[in-house]
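Taken in sequence, the protein lines are chains A and B. Per this note's numbering: the first sequence = residues 1 to 266. Per this note's numbering: the second sequence = residues 1 to 415.
Just so you know, the hints here were simulated from the structure itself, not pulled from any lab data. Heads up, the beta-carbon is just placed ideally off N, CA and C, and yes, glycines get one too. It is possible that some hints are incorrect.
[What the hints assert, rightly or not] One side of the interface only, derived from the structure: several residues of chain B facing chain A at Cβ under 8 Å:
1) 66
2) 93
3) 101
4) 109
5) 110
6) 170
7) 257
8) 260
9) 261
10) 295
11) 301
12) 348
13) 370
14) 378
15) 390
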Amino acid sequence: MKTLKYLMLSAIVAIFIFGSQASAEDATEIMKKSHMAYYYAGDDGLTDVTMRMVNDRGKERIREFAMLRMDASDGGVQKYYTYFKSPSDVARMTFMVHKNPDGNDARWIYIPAVDLIKPISADDKNSSFVGSDFSYEDVSGRHWNEDKHALKSDSELDGKPVYVIESVPKEDYGGFAKKISYIDKETMLPLKEEYFDDKGEMIRIMQLEKVDTVDGIPTATVRSMENLEKGSKTYVEFASIDYNVGLRDDIFTERYLKNPPRKYIR
Amino acid sequence: MRQFRIYIVIAFLMLTSPAIGQVEFGGFLQALHGGRLDEENPTETEYTASETRLQLKMEHFADRAEFFGRLDFTYDAAVMQEYDWELREAYMKFRLGRDFDFKVGRQILTWGTGDLIFINDVFAKDYRSFFIGRDDQYLKAPQDAIRGEYYGNIGAVTVIWTPRFEANRLPAGRRLSFFNPMSGAIVGASGGMQPVMPEAKFENSEIAIRYNKHFGYFNTALYFYHGFYKNPVGFDPNLGAPVYPDLRVYGASVRGPLAGGVLWLEGGYMHSIDDEDGDNPYLPNSSITGLFGYEKQIATNLTANIQYQADMMMEYETYEMQQSSSGGYVRDEVKHLLTSRVTKLLYSELLKLSGFIFYSPSEEDMYLRLAAEYKYTDEIIITVGGNIFDGEYEATDFGQFQKNDNAYLKLTYGF
Numbered sequence: 001m002k003t004l005k006y007l008m009l010s011a012i013v014a015i016f017i018f019g020s021q022a023s024a025e026d027a028t029e030i031m032k033k034s035h036m037a038y039y040y041a042g043d044d045g046l047t048d049v050t051m052r053m054v055n056d057r058g059k060e061r062i063r064e065f066a067m068l069r070m071d072a073s074d075g076g077v078q079k080y081y082t083y084f085k086s087p088s089d090v091a092r093m094t095f096m097v098h099k100n101p102d103g104n105d106a107r108w109i110y111i112p113a114v115d116l117i118k119p120i121s122a123d124d125k126n127s128s129f130v131g132s133d134f135s136y137e138d139v140s141g142r143h144w145n146e147d148k149h150a151l152k153s154d155s156e157l158d159g160k161p162v163y164v165i166e167s168v169p170k171e172d173y174g175g176f177a178k179k180i181s182y183i184d185k186e187t188m189l190p191l192k193e194e195y196f197d198d199k200g201e202m203i204r205i206m207q208l209e210k211v212d213t214v215d216g217i218p219t220a221t222v223r224s225m226e227n228l229e230k231g232s233k234t235y236v237e238f239a240s241i242d243y244n245v246g247l248r249d250d251i252f253t254e255r256y257l258k259n260p261p262r263k264y265i266r
Numbered sequence: 001m002r003q004f005r006i007y008i009v010i011a012f013l014m015l016t017s018p019a020i021g022q023v024e025f026g027g028f029l030q031a032l033h034g035g036r037l038d039e040e041n042p043t044e045t046e047y048t049a050s051e052t053r054l055q056l057k058m059e060h061f062a063d064r065a066e067f068f069g070r071l072d073f074t075y076d077a078a079v080m081q082e083y084d085w086e087l088r089e090a091y092m093k094f095r096l097g098r099d100f101d102f103k104v105g106r107q108i109l110t111w112g113t114g115d116l117i118f119i120n121d122v123f124a125k126d127y128r129s130f131f132i133g134r135d136d137q138y139l140k141a142p143q144d145a146i147r148g149e150y151y152g153n154i155g156a157v158t159v160i161w162t163p164r165f166e167a168n169r170l171p172a173g174r175r176l177s178f179f180n181p182m183s184g185a186i187v188g189a190s191g192g193m194q195p196v197m198p199e200a201k202f203e204n205s206e207i208a209i210r211y212n213k214h215f216g217y218f219n220t221a222l223y224f225y226h227g228f229y230k231n232p233v234g235f236d237p238n239l240g241a242p243v244y245p246d247l248r249v250y251g252a253s254v255r256g257p258l259a260g261g262v263l264w265l266e267g268g269y270m271h272s273i274d275d276e277d278g279d280n281p282y283l284p285n286s287s288i289t290g291l292f293g294y295e296k297q298i299a300t301n302l303t304a305n306i307q308y309q310a311d312m313m314m315e316y317e318t319y320e321m322q323q324s325s326s327g328g329y330v331r332d333e334v335k336h337l338l339t340s341r342v343t344k345l346l347y348s349e350l351l352k353l354s355g356f357i358f359y360s361p362s363e364e365d366m367y368l369r370l371a372a373e374y375k376y377t378d379e380i381i382i383t384v385g386g387n388i389f390d391g392e393y394e395a396t397d398f399g400q401f402q403k404n405d406n407a408y409l410k411l412t413y414g415f
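Chain A extracted, bound-state conformation (with noise of 0.2 Å):
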C-alpha cells in the first residue's frame, strides 16, 4: 500500500516535473522563434529608418537614418550598418556594430568632417540608442539564452491570438528585472512587450504600431517604445524595406564605414 502511495506520489512529482519542463521548453522555442521572426527575417535587409523621439513636454527630435543588417547565420553573429542623413550635426555620420551573441560586440562611428574612425567602447548594450528610447539591445536584440521563458497563458491582443510570456534575465541585469512578451501566434513577432523594475513597476512600453508584409515576410514598419518613468515615448518607422538584397560581408568593415556603399545608401 506505502509502495503503491509512493509510486502514485512520484507519477504525480514526474508528471508535474516534465509538464512544467515542457512548458519552459515551449515558452524558450516561442521565444526563439519570435526573435528570429523578428530581428533575423531574411538573410539581410535594408531600410530607411525614421525616429521621432517625443519628450515628456511633447518636444519632438527626428532622426533619419539608412540602415543595412547582414546575418552571418540565423541566431548568430549579425552586422548593422548606419548611415546618418539629418539633422545636419550628424549628417554623413556612419556607424557600425558587429553584434556578438556570445560576447561584448563591437562598435565604430566615423566622422567625416575630420576624417576619423573610432572604435566605441561597448560594454553596455543597455545604453540609449542615438538618444532615444531604444536601447543597443532593443535595435539589435536580446539572446534569448539570456533570460528563462515561461508560457503564461494563451491570451489575445487587439483580436489576435498570442502567447503571454514572461521572462526573467538569468543574470541581474540593469534593463529589465522582468519582461512579459506578447507573442502573435501567426507572425511570431512581439506584438507588444513589459517592461518591468525589480520593485515590479512597469518601466517601458514596446509596441508594434504597424505590421505590413514586405517580400512575403511579415515585418514591423512601425515600431514603438514608451519610457514610463521618463515620460518620452520613441516612434520608429522603417521604409523602402528590401529583403535578401545579396550584401557582402566587406560592407561591414572599416573599407566602407568610410566610403558608404551608394549602391544601397543614397
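On the provided structure of chain A, position chain B as indicated by the hints.
For chain B alone, kept in the frame of chain A given last:
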C-alpha cells in the same frame, strides 16, 4: 581667386544638371564669441573670437563616383574686421576595379590612434581654431592631396601624396600670444617672424603611407611619412627666419577591445634628416615617442579615457649643451604627457558635458578644455566652453599659451 571661380562654375553646372535628384545640400550658420580671461596679453584684441560663419555643403552622387564640397564664408570682427572664405573640402571619390579607392582633391586627412595626440598623423592641424572654441572639425586643416587605397587579402595600403607642403596653423600673435625663442618671451603679432615655407617643388611634396591589417578585432598599422616638420621648429640663419625642417617618421600602432573598453598603443621615430647627429643648434633633434591609451564607458552615458605619452630626444647631451650655452629653455630628455577625456551625456543625449586635460609633469604645463553643448532643437545647438592654459615656463608646448585663457559662447543653426 581663379580657383574659386572654377568651383563656382562646377557648382553651377551641377545645380543645373538634369541629375538634380542626386544632389544634396546642407551646412550651418554659426556665431562664435570668445573673450580673454587673462589681464595682460601682448595681443591686439580683447576677443579671442568674434565671428560669423556660414558653411555650405554639397554632395553629388554618380554611378561610379561622388563629389563632396564644403565652403566656409566668415566675417571676423575680433581681429581683422573683414570677410573671408575657405574651401574646406572639395574632392571626388571613385573606385578602380574592386580593390582600389581614390579620393582626389582638397580633403581632411586623419589616421593613427591617439585622442588629440598625433604621432603618425602628420597631417595639417589648425591650433588657432582649436584653442578658441571653433568646432572640433576645425582642428584639422585641409590638404590638397591624392589618396589612393588598396584593399586586399594582405591588408590595406594607403598612399597619400600632397604635392604642396601644408603647414600647421599656429597662433601668430593676433588672437593668441605665443613664445618666440628669438626674443625669449611670450609675444603678440609684432614679435613674430614669418616662417619660410619649403619651395613648391616636386621633391618638396609630402608622402604618407600606411599599411593596415586586422587580427580579429585588433587593428594594426605601420606608417611612413616623408616631408617636413609641420611646425616651424627650425631656423635658417641665412634667411633669418624660422623654417620647416625635413622630417621622416616611421611608426606603428595597434588598437582593439580590452576588458569592455578600447586600448591603443602607438609609437614613432621622428627622424630629423638634416640633423642626425644633433649638432646643428638650428634644427630639431630626432626623437622616439610612444603612446598608450585606454577608453571605457564607466557608467551609463559616462565615458572616460586616459593616455600617456613619452617622448625621448636623441643626442640629448648635445642639445643640452647647445641650449645651456645659449641660455634657452632646456627640456627634459624624456617628456611625459598625461591626458584624460571625460564625456557625460544628459537629458536623452541632448546635453553633452566634456572635459579634456593635457598635463605634462616634466614640462610642468597643462591645457584644459571644457565644453557644454546643448541641442536646443534639431537645428539649434548652444555651446559654452573654455580653454585654460598654465605652465611653469614660458617656452613649453602649453606654457607658451598661458596668457590665452578664454571662455566662449557658440550658437549653431544647422540645415
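Comparing the hints with the structure gives:
{"no.": "1", "hint": "66", "verdict": "holds (7 Å)"}
{"no.": "2", "hint": "93", "verdict": "holds (6 Å)"}
{"no.": "3", "hint": "101", "verdict": "holds (6 Å)"}
{"no.": "4", "hint": "109", "verdict": "holds (6 Å)"}
{"no.": "5", "hint": "110", "verdict": "holds (4 Å)"}
{"no.": "6", "hint": "170", "verdict": "violated (19 Å)"}
{"no.": "7", "hint": "257", "verdict": "holds (7 Å)"}
{"no.": "8", "hint": "260", "verdict": "holds (4 Å)"}
{"no.": "9", "hint": "261", "verdict": "holds (4 Å)"}
{"no.": "10", "hint": "295", "verdict": "holds (6 Å)"}
{"no.": "11", "hint": "301", "verdict": "holds (7 Å)"}
{"no.": "12", "hint": "348", "verdict": "holds (5 Å)"}
{"no.": "13", "hint": "370", "verdict": "violated (20 Å)"}
{"no.": "14", "hint": "378", "verdict": "holds (4 Å)"}
{"no.": "15", "hint": "390", "verdict": "violated (27 Å)"}
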